[in-house]
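Number of protein chains: 2
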Amino acid sequence: MPRHITSFSNDTVKRLRSLREKKARRVEGLFLAEGLRIMAEARDAGVLPEIVACAEGDIHPLAAEIVAQAEAAGAEAITVPDEILAKMSGKDNPPLLLGAYRQPRLGLADLDRTSAPLWFVAERLRDPGNIGTILRTGDAVGAGGLILVDDSADPFSVEAARASMGAIFTQRIVQVPWATFLPWLREGPGQLVGTSLQTTHDYIGPAYEQPCFLLIGNEQAGLPEAYEAECDLLVKIPMHGKADSLNAAIAAAVMAFQVRASWR
Amino acid sequence: MPRHITSFSNDTVKRLRSLREKKARRVEGLFLAEGLRIMAEARDAGVLPEIVACAEGDIHPLAAEIVAQAEAAGAEAITVPDEILAKMSGKDNPPLLLGAYRQPRLGLADLDRTSAPLWFVAERLRDPGNIGTILRTGDAVGAGGLILVDDSADPFSVEAARASMGAIFTQRIVQVPWATFLPWLREGPGQLVGTSLQTTHDYIGPAYEQPCFLLIGNEQAGLPEAYEAECDLLVKIPMHGKADSLNAAIAAAVMAFQVRASWR
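As they're listed, the protein sequences go chains Y and B.
The first sequence lines up with residues 1 to 264 when you count with the numbering used here.
The second sequence lines up with residues 1 to 264 when you count with the numbering used here.
Honestly, the hints are just simulated from the structure, not real lab data.
Watch out, some of these pointers could steer you wrong.
If several chains are the same, the list does not tell them apart, and a pair holds so long as it fits within one copy or across any two.
[To be verified] Below are the EDC-like pairs computed for lysine to aspartate or glutamate, each with C-alpha atoms no more than 16 Å apart in a straight line:
1) Lys22 <-> Asp127
2) Lys22 <-> Glu159
3) Lys91 <-> Asp127
4) Lys242 <-> Asp44
5) Lys91 <-> Glu65
6) Lys236 <-> Asp151
7) Lys14 <-> Glu71
8) Lys14 <-> Glu28
9) Lys87 <-> Asp154
For clarity, every value in this text was computed on a predicted model and none was experimentally measured.
Using the sequences provided together with the hints, build the complete structure.
Set out below in structure tokens:
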């Protein structure tokens, strides 16, 4: 049975709240996911929270089920008033359920590159919303996961988990320097594909290979030239307007759906 | 010459700050855009701010040019310390330039539907970031603009302007109830295309017509059945993962690039 807590200064409440900060997430190795939809995705993927907080009073049967399963697996469960949930989630209109999950800390050696036809590789992404959206798109296109290269925003931030809509529990996530990624890539099969304005190759037409590693550049600067030079294929998404770039998560999705279309 | 202002309680400072709130934007008919890149896009599109604030001290030559042009056109210009810019933009690391622009309030009668091959129509979008991202994608695919149907987030919010990366100045934006949009659509040429899970039509393959109106549903609920029923064509974007939906701005982009690809 969940303990009922009404104090903001309770240790579990403070611990959950602290996970909104990157430093606390790193120290604890945990991250926050919010809401029944995302937490049900997690459960369906076999992942349960280590700490779970839910609203007091009548609770959705699916939420009750997740809380009971988490408790059976050793999780700490609490019920709290809405004000505390609002404080934890940073939203006036808080979710009714919130959980702290263990961060899966994977290295490249944990990836089976042939387990999926497509992988995202993103360089120095700054916006956690973009990271979460790319994870969500990765699920939709049947990608294996997202390799975050160099210094990127935290994929386990609240914003990233929220934008992923649960894909944070199913897509594999690795954080690694480029100098580590590149030798690993070259040890096995894999076509590295980048988008660039410096090429005349249209993104529609090429024979994309499997596994295809789609390389996405930083939101402001795009890909460094040295990284472009390592690509097996550089392609261009045509621009018909005044600007010369797409949002990074949009470019990733347009490329990924075209790569999949090329395999039909 | 810009006036130098150092007080947070100055009327112009307070007026600019107030534009972060929807109510003030509606009353004033203005909206905020931030940063040299976006404000240069605006200028290149022939749009100048009515109020402009820039950092004190040495100023980028392009920023100086925009400030001078705005003043010549009758704008009020001020220079302010970084703390005031930070307060106005809500960012610790504020942009060096910030402007208040007149909201173009357009109706359907202002649109020439044959001026572009593609238009976005979005129903009850809740996330201003999605609206801005769709505007940015609209520029990239050569769309005419975005028709926001029913009650949506404010396309002139700071978040939407920021995510649009300047496309807010080049894409036409209309806000209108569905009951007004549909009769207008049927008065002239135009194929209404929706994405749906209720169809077996793959999104790759159909002959999309011009002008094509791409209908995007609300982030949580998708399109209402009654709106789907009005579509000339319903197509499905295949999902290869566990979830059954894409981010709204991602779905819009994947569709728009496929529609353009079908016209090659």
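Going through the hints against the structure:
no.	hint	result
1	Lys22 <-> Asp127	within (14 Å within a copy, 24 Å between copies)
2	Lys22 <-> Glu159	within (12 Å within a copy, 23 Å between copies)
3	Lys91 <-> Asp127	between (19 Å within a copy, 14 Å between copies)
4	Lys242 <-> Asp44	between (44 Å within a copy, 9 Å between copies)
5	Lys91 <-> Glu65	neither (24 Å within a copy, 41 Å between copies)
6	Lys236 <-> Asp151	neither (25 Å within a copy, 37 Å between copies)
7	Lys14 <-> Glu71	neither (20 Å within a copy, 51 Å between copies)
8	Lys14 <-> Glu28	within (13 Å within a copy, 42 Å between copies)
9	Lys87 <-> Asp154	neither (21 Å within a copy, 26 Å between copies)
Hint compliance for this structure: hints 5, 6, 7, 9 are not met, and every other hint is.
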